[in-house]
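J.: Taken in sequence, the protein lines are chains A and B. The working numbering puts the first residue of the first sequence at 235, with every later residue one more than the last. The working numbering puts the first residue of the second sequence at 304, with every later residue one more than the last.
Incorrect hints may appear among the rest.
[To be verified] Listed below are the simulated SDA-like cross-link pairs for lysine to any residue, each with C-alpha atoms no more than 25 Å apart in a straight line:
1. 356/B x 411/A
2. 418/A x 347/A
3. 418/A x 364/B
4. 418/A x 369/B
5. 418/A x 378/B
6. 418/A x 451/B
7. 418/A x 447/B
8. 356/B x 515/B
9. 418/A x 414/B
10. 418/A x 369/A
11. 356/B x 488/B
12. 418/A x 408/A
13. 356/B x 487/B
14. 418/A x 371/B
15. 418/A x 345/B
16. 418/A x 432/B
17. 418/A x 421/B
18. 418/A x 529/B
19. 418/A x 442/B
20. 356/B x 533/B
21. 418/A x 340/B
22. 356/B x 408/A
23. 418/A x 290/A
24. 418/A x 354/B
25. 418/A x 359/A
26. 356/B x 428/A
27. 356/B x 414/B
28. 356/B x 427/B
These are calculated hints, taken from the structure and not from any lab test. Bear in mind the structure is a predicted one, so any value in this text is a computation, not a measurement.
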Amino acid sequence: MGGNRKGLTGHCGEFCRWIVWQRVQGQLGRLTAFPWRQPVITLSDASGSARPGAHPLWTRAFHGFNLLVLLLMAGSGLEIYNANPVFGGRAGATVPEWLTLGGWLAGGRDWHFGVMGLYAANLGLWIGLLLQRRHRRLADGGDLGTLRRSASPPRRRLASHRITYTLMLVVLAFSLITGLAMYKPAQLWWLVSLFAFAEPAGHSSWQTLRVCHLATIPAIALLLVAHVGLSWRVGGLRLLRRMAL
Amino acid sequence: MGSDPGRRRALGLLVSGGSSLLLGGCGLNRWSNAVGAATQPLNERIEALLQGKGPLPEFRRSQVEPAALLVNSFNGTPNLPPESYRLVVNGAVRRPLRLDLAALAALPQRECVVRHVCVEGWAAIVAWSGPRLADVLALAGPSPLGAYLAIRSADQYFETWDLASALHPQTLLATHMNGAPLPVANGAPVRLASPIKLGYKQSKWVTGLELMTSLGDRLGTWEDRGYEWFAGL
Numbered sequence: 235m236g237g238n239r240k241g242l243t244g245h246c247g248e249f250c251r252w253i254v255w256q257r258v259q260g261q262l263g264r265l266t267a268f269p270w271r272q273p274v275i276t277l278s279d280a281s282g283s284a285r286p287g288a289h290p291l292w293t294r295a296f297h298g299f300n301l302l303v304l305l306l307m308a309g310s311g312l313e314i315y316n317a318n319p320v321f322g323g324r325a326g327a328t329v330p331e332w333l334t335l336g337g338w339l340a341g342g343r344d345w346h347f348g349v350m351g352l353y354a355a356n357l358g359l360w361i362g363l364l365l366q367r368r369h370r371r372l373a374d375g376g377d378l379g380t381l382r383r384s385a386s387p388p389r390r391r392l393a394s395h396r397i398t399y400t401l402m403l404v405v406l407a408f409s410l411i412t413g414l415a416m417y418k419p420a421q422l423w424w425l426v427s428l429f430a431f432a433e434p435a436g437h438s439s440w441q442t443l444r445v446c447h448l449a450t451i452p453a454i455a456l457l458l459v460a461h462v463g464l465s466w467r468v469g470g471l472r473l474l475r476r477m478a479l
Numbered sequence: 304m305g306s307d308p309g310r311r312r313a314l315g316l317l318v319s320g321g322s323s324l325l326l327g328g329c330g331l332n333r334w335s336n337a338v339g340a341a342t343q344p345l346n347e348r349i350e351a352l353l354q355g356k357g358p359l360p361e362f363r364r365s366q367v368e369p370a371a372l373l374v375n376s377f378n379g380t381p382n383l384p385p386e387s388y389r390l391v392v393n394g395a396v397r398r399p400l401r402l403d404l405a406a407l408a409a410l411p412q413r414e415c416v417v418r419h420v421c422v423e424g425w426a427a428i429v430a431w432s433g434p435r436l437a438d439v440l441a442l443a444g445p446s447p448l449g450a451y452l453a454i455r456s457a458d459q460y461f462e463t464w465d466l467a468s469a470l471h472p473q474t475l476l477a478t479h480m481n482g483a484p485l486p487v488a489n490g491a492p493v494r495l496a497s498p499i500k501l502g503y504k505q506s507k508w509v510t511g512l513e514l515m516t517s518l519g520d521r522l523g524t525w526e527d528r529g530y531e532w533f534a535g536l
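Go ahead and model the full structure; you've got the sequences and the hints to work with.
T.: Right under this line is the structure:
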């Protein structure tokens, strides 16, 4: 357990409590509805079991599945991009083939629309569980205040991690909304019309939608780097592995 | 501590899945068709459920984007002299028809300013006008058993539609585009136009309509190569 302690003693605060609590929950092998109402338990309080330090199954399932599904969605999305580049149209530069998935346009669409339902269900379930069980992980206005005023590095890290984490959920949901608007633009015409804000500048709502949908790939990639970096400070590779599997 | 063999194996699978993606997806591209075959039936059913029977809101004429409408052709550009043009309507109908352009022009004309969405990802707002496909089919006395429509084109392009989409009030046999006679590159003298289907469903240079009670072996020029059949918007 030395590795765990080394990561955990670095800073206290709520984020450590989540990690500790999750590990304890994993050891006890059950979920508690409101972990933040429980007394803080340190690792030494937990009795040993077959799976020390494991995160709840649903945490690991979401992380592993989401990572796989996001790779499939991004790869097949870039395949679709290449059929008519968002920037430049038929004369525009295409994405290198090694980044794409599907082999050709119809193959890319097979993957993109084949996986979208799983992606949406996984994300919806996760956000539902978060709101019900762990809404303290989601950012609020106080986190921006902490970043502006607090000098304590652990507090600042916690605030920035809550903001990063919440933004990831927002970006993932945004990719779903923009994708849905382009998948069914006739039936969901009101959704498309929300993206008419750039029309005065000469950009059609369709082009705005395409740019917004594409932009979720670099956005989620940047947030992922921040999320992994901040998690690494808390629990290193062991934590990352336990989160994903 | 922690990783039992099962989880290690799963981690390995995840990593190899990820890296084969980055290496061109060679392993995964082979599965594209299978993924489509497994998920399209459910997706198409949801699409059909989403699709209303009533007309959709349209754009203003001033919103038309002539430059955004790109031209795709599967097999060149056929030339159909207007004087000898005939639209054949047959299949499960009481009165098989051969309509000339004057007969189509005599039907009530409708203009639809709608977004034309290509499977490639681009879209353009176009004003299509011509008779409703539903009115043309009604002339032929369709059998109540008719469930699908096969559309043949002069360039051998082939399409099949579900009848509900064909009868949609904004599905037209367009003879005009943006207020002018349809250009040859866009399907003159007659093409399909509809706001509820992707562009590849909207055949150009249409010469034949056949009402069918069931789908045959051929679903469509692109569908038979792997594109989705319903392709609803």
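J.: What are the numbers of the hints that this structure violates, sorted from low to high?
T.: Those not satisfied are hints 5, 7, 10, 11, 13, 19, 22 and 23.
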